[in-house]
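Respectively, the protein sequence lines represent chains W and C.
Taken in order, the first sequence gives residues 1 to 277; the numbers are from the numbering used here.
Taken in order, the second sequence gives residues 1 to 277; the numbers are from the numbering used here.
None of these hints come from the bench; they were simulated from the model.
Just so you know, not all the hints are guaranteed correct.
A pair counts as met if it fits within one copy or between any two copies, since identical chains are not told apart.
[Unchecked claim] In silico DSS-like links for lysine-lysine, alpha-carbon gap of 25 Å or less:
hint, residue 1, residue 2
1, K274, K148
2, K255, K103
3, K277, K243
4, K103, K132
5, K246, K274
Below are the chains, spelled out letter by letter.
2 protein chains.
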Amino acid sequence: MVKGLWFTELQTKNMALSLKTKQSLHHESSEFQEISMVDTYEFGRMLLLDGIIMTTIKDEFVYHEMIALPALNTHPNPKNVLVIGGGDGGAIREIVKHPKVEKATLCEIDGQVIEVSKKYLPEISAALDDPKVEILVADGIKHIRESKNTYDVICVDSTDPIGPAVGLFAKEFYQGIYDALKEDGLFVAQTESPWVNEELIKRVYNDIKDIFPITKLYLANVPTYPTGLWSFTMGSKKYDPLKVDKNSIPDTNTKYYTSEIHFNAFQLPPFVQKLLK
Amino acid sequence: MVKGLWFTELQTKNMALSLKTKQSLHHESSEFQEISMVDTYEFGRMLLLDGIIMTTIKDEFVYHEMIALPALNTHPNPKNVLVIGGGDGGAIREIVKHPKVEKATLCEIDGQVIEVSKKYLPEISAALDDPKVEILVADGIKHIRESKNTYDVICVDSTDPIGPAVGLFAKEFYQGIYDALKEDGLFVAQTESPWVNEELIKRVYNDIKDIFPITKLYLANVPTYPTGLWSFTMGSKKYDPLKVDKNSIPDTNTKYYTSEIHFNAFQLPPFVQKLLK
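Hey, can you work out the whole structure from these sequences and the hints?
Below, the structure written as structure tokens:
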């Protein structure tokens with residue numbers, strides 16, 4: 001085992017994060033992408049897709065709680081939930097903990113991401129075996145096109161808008177999501193960093209706003225994503241995340257999300273507000 | 001001019017941030033430390049002390065607003081304010097904008113940090129010439145020891161707790177600050193990242209809590225600091241930052257801080273709450 005290996009992600013063309021590694025656990029080229037699993041000193045085991053950090057054992061709870069719980073707790077009765085992408089199972093884990101969820105469907109295009117996560121990230125992927133979970137190894141865009149009036153909540157847990165995930169940031173896809181949701185449904189998508197992905201955030205926010213009557217952006221700190229500040233955009237047909245009864249939010253033993261952070265995450269610094277005008 | 005130079009900060013022994021540079025503007029060894037100024041593609045001009053990022057043009061507003069404004073706006077009448085460290089002038093800039101401030105004293109041990117910031121970071125340092133500002137090139141520890149019942153608000157804008165700043169994280173120093181404050185005074189210190197400086201945060205929080213009746217920690221996102229999540233700890237003799245009248249908070253044309261974020265920044269994720277128990 002070679003000592004002294006560092007993994008470096010070029011987060012933008014001018015900024016890189018490097019993590020010292022203990023060992024490389026797995027590498028393969030799947031039909032869709034390069035899948036790697038590396039153990040790091042600072043963040044523990046880490047899943048990479050095409051050399052980009054997807055999740056790490058140390059900080060994964062922030063992203064997974066924050067992509068799932070604000071949306072779930074905005075809906076008064078989130079019985080039927082869909083995750084697009086998210087093959088590591090982290091969003092599913094948060095979803096099946098919710099007392100009102102009856103069925104959670106994972107639609108992940110790359111079955112190998114699921115297999116590798118099951119083997120190397122059991123803390124994150126364990127809920128994929130929950131009896132409430134159905135796993136579809138399928139194209140999320142196609143699944144959305146074929147689903148009508150079906151889901152209460154949809155979480156778009158995609159990779160960055162390059163390669164296989166480009167279509168998950170397109171306006172036609174958001175229209176498809178609208179149609180796949182029930183008449184009071186809502187959805188959320190990860191939408192990158194307000195420090196370095198300004199144009200993407202503006203475009204996606206306006207596209208979603210053209211389709212959904214209620215559109216809101218919120219923020220969370222994910223240390224292993226560029227700039228440590230990550231945005232999520234929610235589109236909702238009926239329910240406003242800021243009008244939730246705080247006392248209705250169940251305590252699911254979270255490490256980042258709380259019933260206060262549910263509301264506070266939507267209170268944006270002016271430099272982020274400006275992007276949405 | 002050599003092309004393709006990257007600056008790398010080893011943020012912990014296992015994690016590094018790298019930024020592509022345009023040019024090196026300045027380097028000197030002062031009596032206290034290495035002072036460097038580098039222009040970067042991602043964050044603009046950047047001040048380094050002993051090779052550690054202090055501030056950058058692009059993200060400086062977060063740190064400077066958040067070290068100054070929560071404390072200033074917690075005090076109903078912050079007439080006389082002291083900044084220890086902070087030779088770049090960013091905290092002072094936010095302080096002199098506040099309508100109730102009559103005098104702002106900067107006590108910076110290294111006069112060269114002030115000179116270099118005046119030359120290369122005018123956007124940050126310009127307020128150092130404000131008639132309300134007095135600049136002391138002096139040891140903050142000594143200045144605190146000699147000040148009694150003097151200040152309404154003190155901001156400890158220090159470097160990391162290594163080298164010249166070690167004494168600024170010591171319990172005796174916090175007792176000195178208590179004595180240097182008026183009977184209803186309060187102070188704030190930058191206290192590193194809750195992801196990678198857990199032991200420091202615990203110790204400092206408990207030391208301040210032993211001395212001040214009101215002790216609170218709050219958070220902000222600073223992309224160029226390790227993990228992108230930075231903590232500040234406030235010790236107050238009388239005023240509670242969470243009991244401020246929201247309508248009393250002046251609008252000083254901020255880019256990160258708002259009257260909502262004043263309160264929200266104190267609502268901690270459970271993984272940070274745990275450090276303070």
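Hints, verified against the model:
Within a single copy, K274 and K148 get their C-alpha atoms no closer than 35 Å, and across copies no closer than 44 Å, so neither meets the 25 Å cut-off. In this homomeric assembly, K255 and K103 come within 25 Å of each other (Cα to Cα) only inside a single copy, at 24 Å, whereas the closest approach across copies is 42 Å. For the homomeric pair K277 and K243, the shortest alpha-carbon distance inside one copy (22 Å) is at most 25 Å, but the shortest distance between copies (31 Å) is not. In this assembly of identical chains, the alpha carbons of K103 and K132 lie at most 25 Å apart only when taken from the same copy (5 Å versus 63 Å across copies).
When the C-alpha separation of K246 and K274 is checked against a cutoff of 25 Å, the pair qualifies only between copies, where the shortest distance is 22 Å, while the shortest distance within a copy is 28 Å.
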